[in-house]
Amino acid sequence: MKLFGKEVNKDTLKDTDWKKVASDFWYGKPHEERRLGDLYIGNTGLYKHREWRGVKDTMYYFNNIWLYNYGHMITDIMKYGNMVDFIKGTMRYRWMGQTYLTVMHWFDRGLEGLRGEALAASAWHYRGMVSETIRQFQRMFAADKKLHGGKENELWKNSIAHNETVSGVIFFPFRDQMDDVALEMIPYFVTCHVNNHTVLNYIDAAQSIGLPADPCPMCQAEYGIFVLDDYPDYAPTMITSNEACDGSVATSVLQDWFLNRPLYAMPQPMRYDDPLVQKHCAEEIEGAWKFIEDQYGYKFNWEKYKELAEKHNKLTEFEYEKWDVAANTPYYPINGVAQALYRIYYSQDGWRPIWEEVDGHVKKILDRCVGKKIETFPKTRHRAIAWSCAPLYYSNWCTWAYNCWGINTVINMDSLMFDQLLRTDTYEHALEDLTWYNEKAPMRAMAVGGHEHIFQLWQYMERFNCDMVIMYDQLACKGMQGIHGMFEDEFRARDIHAIWVPHALPDKRVVPRAEIRKIISDYMTTVMHEEPLDPTLVDFDDSESW
Amino acid sequence: MKKAILKSIFKVIGKIFGIFALVYGALFAVFFFDLDGKFLYYVWEPMMVKRYDKMERTDMTQTPYGAKEPVS
Numbered sequence: 030m031k032l033f034g035k036e037v038n039k040d041t042l043k044d045t046d047w048k049k050v051a052s053d054f055w056y057g058k059p060h061e062e063r064r065l066g067d068l069y070i071g072n073t074g075l076y077k078h079r080e081w082r083g084v085k086d087t088m089y090y091f092n093n094i095w096l097y098n099y100g101h102m103i104t105d106i107m108k109y110g111n112m113v114d115f116i117k118g119t120m121r122y123r124w125m126g127q128t129y130l131t132v133m134h135w136f137d138r139g140l141e142g143l144r145g146e147a148l149a150a151s152a153w154h155y156r157g158m159v160s161e162t163i164r165q166f167q168r169m170f171a172a173d174k175k176l177h178g179g180k181e182n183e184l185w186k187n188s189i190a191h192n193e194t195v196s197g198v199i200f201f202p203f204r205d206q207m208d209d210v211a212l213e214m215i216p217y218f219v220t221c222h223v224n225n226h227t228v229l230n231y232i233d234a235a236q237s238i239g240l241p242a243d244p245c246p247m248c249q250a251e252y253g254i255f256v257l258d259d260y261p262d263y264a265p266t267m268i269t270s271n272e273a274c275d276g277s278v279a280t281s282v283l284q285d286w287f288l289n290r291p292l293y294a295m296p297q298p299m300r301y302d303d304p305l306v307q308k309h310c311a312e313e314i315e316g317a318w319k320f321i322e323d324q325y326g327y328k329f330n331w332e333k334y335k336e337l338a339e340k341h342n343k344l345t346e347f348e349y350e351k352w353d354v355a356a357n358t359p360y361y362p363i364n365g366v367a368q369a370l371y372r373i374y375y376s377q378d379g380w381r382p383i384w385e386e387v388d389g390h391v392k393k394i395l396d397r398c399v400g401k402k403i404e405t406f407p408k409t410r411h412r413a414i415a416w417s418c419a420p421l422y423y424s425n426w427c428t429w430a431y432n433c434w435g436i437n438t439v440i441n442m443d444s445l446m447f448d449q450l451l452r453t454d455t456y457e458h459a460l461e462d463l464t465w466y467n468e469k470a471p472m473r474a475m476a477v478g479g480h481e482h483i484f485q486l487w488q489y490m491e492r493f494n495c496d497m498v499i500m501y502d503q504l505a506c507k508g509m510q511g512i513h514g515m516f517e518d519e520f521r522a523r524d525i526h527a528i529w530v531p532h533a534l535p536d537k538r539v540v541p542r543a544e545i546r547k548i549i550s551d552y553m554t555t556v557m558h559e560e561p562l563d564p565t566l567v568d569f570d571d572s573e574s575w
Numbered sequence: 316m317k318k319a320i321l322k323s324i325f326k327v328i329g330k331i332f333g334i335f336a337l338v339y340g341a342l343f344a345v346f347f348f349d350l351d352g353k354f355l356y357y358v359w360e361p362m363m364v365k366r367y368d369k370m371e372r373t374d375m376t377q378t379p380y381g382a383k384e385p386v387s
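So the sequences go chain by chain: L and E. Just so we're aligned, residue 30 is where the first sequence starts under this note's numbering, counting upward by one. Just so we're aligned, residue 316 is where the second sequence starts under this note's numbering, counting upward by one.
Rather than coming from a laboratory, the hints here were simulated on the basis of the structure. Wrong hints could be hidden among the right ones.
Said to hold, decoys possible - EDC-like mimics (lysine to aspartate or glutamate), calculated; alpha carbons at most 16 angstroms apart, straight line: (1) E:K369 / L:D258; (2) L:K175 / E:D374; (3) E:K353 / L:E573; (4) L:K392 / L:E322.
What the hints assert, rightly or not - Distance windows between CB atoms, simulated: (5) L:P541 / E:L350: 39 to 49 angstroms; (6) E:F332 / L:E36: 50 to 60 angstroms; (7) L:H101 / E:L350: 13 to 23 angstroms; (8) L:Q510 / E:M362: 36 to 46 angstroms; (9) L:F54 / E:D374: 39 to 49 angstroms; (10) L:L504 / E:I331: 24 to 34 angstroms; (11) E:M370 / L:E336: 39 to 49 angstroms; (12) L:E36 / E:L321: 50 to 60 angstroms; (13) L:M557 / E:P379: 51 to 61 angstroms; (14) E:G340 / L:D40: 16 to 26 angstroms.
What the hints assert, rightly or not - Negatives, chain E to chain L, calculated, CB over 10 angstroms: (15) F325; (16) V327; (17) I331; (18) F347; (19) V364.
For every residue, glycine included, the Cβ atom is placed at its ideal position computed from N, Cα and C.
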């Protein structure tokens, strides 16, 4: 007879260890017996069925993650706007309708194999990112001229667009009068993680009008959205940046052309810790504030800045607490992908209520793990630090690496950005710290900010007790490619296990995910002489998955 | 009389509980067998891709250069 598609005969039933079956059902299978790779359907990344994690964790995933997040997505849509604008936006924008509805699979990929506290804490990070994403696109849609017959409504008049690499912290003094929404964060950056199919259209669109194919594909995608007329028109002005590189400068130039409206370019200095550039950087920030005052007639509100900067400092202080637990104990309950994406998202975005709420939930879990000494990643063989910029289409590779090889990515470069508290005692101190904050933006500090910052890797390796480096190799990043050989020399000289992971940021066609896995697996077998924890994850096809 | 009222109250509660259990069970089946993912992958995404591919779009390269006032 057949049971769940498998041939079962009398002998099989007789030989079955029913005690073990009951234990697997109740507690979930031990790590080495899970065979997670068998759950996938062909190359789609879909599951024949979602993983059975034991009764407690499966029901937690079903109730507190799957149902909870689907439910809260609906309430967030209503809370931050209305259903009509949401539907209009879904029908109008490819990055919305094709991408964001598949969001629960983003959870699935990132949280695969997790149990207990690690599952709960990591899922809270995803919840925060989803909620803030909904808030931002609902604000865009509510103000969007394209969705409202070309009408410039009050929300449009009270919004400012900015590059995703300009931190929301810059706008704190005006948040009681207007709202700042990063232009590419939602239509581009977050989409690559949730559903990497969408972004390819924008990269191709950029090249279709004769723009070169060799700059960073992040910049190509950012202006490709404009080439395809797929940007929401939600603000009368924009503030752009040169962060991280010359490719971003080109993005600003093209956006200036396509948007055809007042635009303020706020560059961040390359050699940012040169004392001579601090004054210049401060003047650029003050210039941005003057631009807002001139364009909108709003006044710089020092009290509002103080209030939000102090709230933002609380987020940073909790981040330091998280780093401390991650560095010095095996009780840290957040996996590599949740840690990286959440940190980069909230520190770029600036304080919002959802970040404070999520940190409150995570703090309880973190305290419980430390208090009860719960080993959250018990199969850890190697504590890894991931350096340089991650492949956006495969940021969850670290979930795979832990499940397959026991490589636990404890910390990553993107998490270490914006390492700056903001003083609020005087205007001068506030501006000085804001200048530093702005200069410690993603990629600027440790990717193209000079070799002394890029080589801070060695200090962080020691601080976080890591024995392995996952060295991202962004093939189109001229800054990091230039320093490749120096890293090779240093790894050899210091006798460090480093695995180079080539990728092209958002473009999965250049280095497919399967190739990234192969490179890591080859290193683990040929250099480390280790056996996989889950052999079904060594080689599988997910070329068409989200 | 009281017994009949109590019986009908229990019946209503039972029905509500039954409907809740049915909906909960159905949702669990959707979750466990990844039916949401399968619907979005095989039905929703191809349908939306067709829509976006066909959509008429403004030719952005026709935007005139320097049409706005310079910003100080």
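Comparing the hints with the structure gives:
1. E:K369 / L:D258: Distance of about 14 angstroms is within 16 angstroms: holds.
2. L:K175 / E:D374: holds, 15 angstroms
3. E:K353 / L:E573: holds, 13 angstroms
4. L:K392 / L:E322: Violated - the C-alpha atoms of E322 (chain L) and K392 (chain L) are around 39 angstroms apart, more than 16 angstroms.
5. L:P541 / E:L350: 39 to 49 angstroms: violated, 27 angstroms
6. E:F332 / L:E36: 50 to 60 angstroms: With a Cβ separation near 39 angstroms, F332 (chain E) and E36 (chain L) fall outside 50 to 60 angstroms, so the hint is violated.
7. L:H101 / E:L350: 13 to 23 angstroms: holds, 20 angstroms
8. L:Q510 / E:M362: 36 to 46 angstroms: Because 40 angstroms falls inside the window, the suggested range holds.
9. L:F54 / E:D374: 39 to 49 angstroms: Between F54 (chain L) and D374 (chain E), where Cβ atoms are some 60 angstroms apart, the hint is violated.
10. L:L504 / E:I331: 24 to 34 angstroms: Violated - the Cβ-Cβ distance for L504 (chain L) and I331 (chain E), about 59 angstroms, lies outside 24 to 34 angstroms.
11. E:M370 / L:E336: 39 to 49 angstroms: Holds, since M370 (chain E) and E336 (chain L) (Cβ atoms, about 43 angstroms apart) stay within the stated range.
12. L:E36 / E:L321: 50 to 60 angstroms: holds, 52 angstroms
13. L:M557 / E:P379: 51 to 61 angstroms: holds, 59 angstroms
14. E:G340 / L:D40: 16 to 26 angstroms: violated, 33 angstroms
15. F325: holds, 27 angstroms
16. V327: At about 25 angstroms from chain L, V327 (chain E) clears the 10 angstroms cut-off, so the statement holds.
17. I331: Fine: 19 angstroms to the nearest Cβ keeps I331 (chain E) off the interface.
18. F347: Incorrect as stated: the minimum Cβ-Cβ distance to chain L is 5 angstroms, not above 10 angstroms.
19. V364: At about 6 angstroms from chain L, V364 (chain E) fails to clear the 10 angstroms cut-off, so the statement is violated.
Checked against the numbered hints above, the structure violates hints 4, 5, 6, 9, 10, 14, 18, 19; every other hint is satisfied.
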